[in-house]
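Asker: Protein chains in written order, with the working numbering: chain A, 1 to 78; chain B, 79 to 346.
Derived from the structure by calculation, the hints contain no laboratory data.
Idealized CB from N, CA, C, for every residue including glycine.
Among these hints, one or two may not hold up.
Selected chain A positions facing chain B (in silico; Cβ < 10 Å) [stated by the list, open to error]: (1) L12; (2) D19; (3) S22; (4) V23; (5) A25; (6) L36; (7) L42; (8) V45; (9) G66; (10) D67; (11) I68; (12) I71; (13) H73; (14) F74; (15) V75; (16) G78.
The calculated label-pair distances, taken between Cβ atoms and stated as ranges, are [unchecked claim]: (17) B/R327 to A/N17: 47 to 57 Å; (18) A/S30 to B/L314: 24 to 34 Å; (19) A/S60 to B/D90: 44 to 54 Å.
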Amino acid sequence: MTTPLVHEPSTLALTVNGDPRSVAAGTSLSDFLASLKLDPRLVVVEHNRTILRDRDAYPSIALADGDILEIVHFVGGG
Amino acid sequence: MTASVALSPELDTRFEIGGREFRSRLMVGTGKYASNAQMIAAIEASGAEVVTVAVRRVDLDRTKDEGILYHLDPQRFMLLANTAGCFTADDTIRYARLARAAGFNEWVKLEVIGDQQTLLPDAAATIEATRVLAAEGFKVMAYTNDDLISALRLEDAGAVCVMPLASPIGSGLGMLNEFAIRTIKHRLSVPVIVDAGVGTASDAAIVMEQGVDGVLMNTGIAAAQDPVRMATAMRLAVDAGRLAYLAGRMPRREIAVPSSPTTGMLDR
């Protein structure tokens, strides 16, 4: 058996807040938030249905093809 | 809180929820204001320390769409996240966990809506979500109907306070069932905060005259022609209603009784 050839995509297809987005392979979560000009302290990220409570870990979270992100914050409400 | 003129402590009793003491019995929402500046001015005029916020997706294409934290200082106000817009227990639990991850506190104003048209709460789903979240250490403030049995079940499920409605969210109809609210207050051990339906200052006073511990409102202030004046009116009305309750009103009599002496009249 030969090892199947794994093709590393150069871009990653993500779903972010319900919309498709693509980022370069190797992008970390903190890179991605920075590219969106979002302050990590003011948002909450849910990564593939897991809420990320440790913001210090964002630089070490590598995004992967097919990842689903929800990025939420507080808005006015009653 | 610049505009707050708190009742002197000897006039009121301690107000505590879930082991935390509060100084204002008025809690306010942050939705529907014409501007952030108006919202802040109204909140300050209300004297509220508990301020509710909602959890929503960040609008990624409009960096101008700033979150409310750019305007509200979490050091000055206790931000209470709600789960508005949730229709199932699972969704509600997810939103509550997201809110906690935002990092301020373990408090949540739990609401599970059961019907799009009336926005009336789904008591069964609220009880279920309360049980799950209370077990996770959340301090659940549970929005519910003016129904004693739901309120009792929420208390059993671990809610730190129960929040029956005065009337539907955003309706401004005021207190529809004083008897139901009084019954809930009499039977529960946890504090009772009336949430939703207050339309003007007299509504707030009537709510507080039932003996409940506090009141939460948003549209009643935000949708007034002058929200800052209305916020001030609400602050005064909540204090007035609370004091009137503690003072104990005179009995109602369907007969006139003169206030002045009936003797000593001229020419009699």
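Asker: Does the closest beta carbon of chain B sit nearer than 10 Å to the beta carbon of A/L36?
Answerer: With Cβ-Cβ at 6 Å, under 10 Å, it holds.
Asker: That 24 to 34 Å hint for A/S30 and B/L314 (C-beta), does it hold up?
Answerer: violated (48 Å)
Asker: Please verify that hint: A/D19, Cβ, nearest Cβ of chain B, below 10 Å or not.
Answerer: Result: holds, 8 Å to nearest chain B Cβ.
Asker: In this structure, is the beta-carbon distance linking B/R327 and A/N17 contained in 47 to 57 Å?
Answerer: holds (53 Å)
Asker: Going by Cβ atoms only, is A/F74 closer than 10 Å to chain B?
Answerer: Holds. Min distance 4 Å.
Asker: Does A/V75 meet its interface restraint, that is, does its C-beta lie within less than 10 Å of any C-beta in chain B?
Answerer: At about 5 Å, which falls below the 10 Å cut-off, the nearest Cβ of chain B leaves the hint on A/V75 intact, so it holds.
Asker: A/G66 was flagged as interface toward chain B. Is the shortest Cβ-Cβ separation under 10 Å?
Answerer: violated (19 Å)
Asker: Min Cβ distance, A/L12 to chain B: is it shorter than 10 Å?
Answerer: violated (16 Å)
Asker: Holds or violated: the 44 to 54 Å window for the beta-carbon distance between A/S60 and B/D90?
Answerer: holds (51 Å)
Asker: If you take the shortest Cβ to Cβ gap from A/G78 to chain B, is it below 10 Å?
Answerer: holds (3 Å)
Asker: Do the numbers back the hint for A/I71, that is, is its least Cβ distance to chain B under 10 Å?
Answerer: This interface hint holds because 5 Å falls under the 10 Å limit.
Asker: Double-check A/V23 for me: the hint is only fine if its C-beta lies closer than 10 Å to a C-beta in chain B.
Answerer: Interface hint status for A/V23: violated (12 Å vs cutoff 10 Å).
Checked against the numbered hints above, the structure breaks hints 1, 3, 4, 5, 9, 10, 11 and 18 and satisfies the rest.
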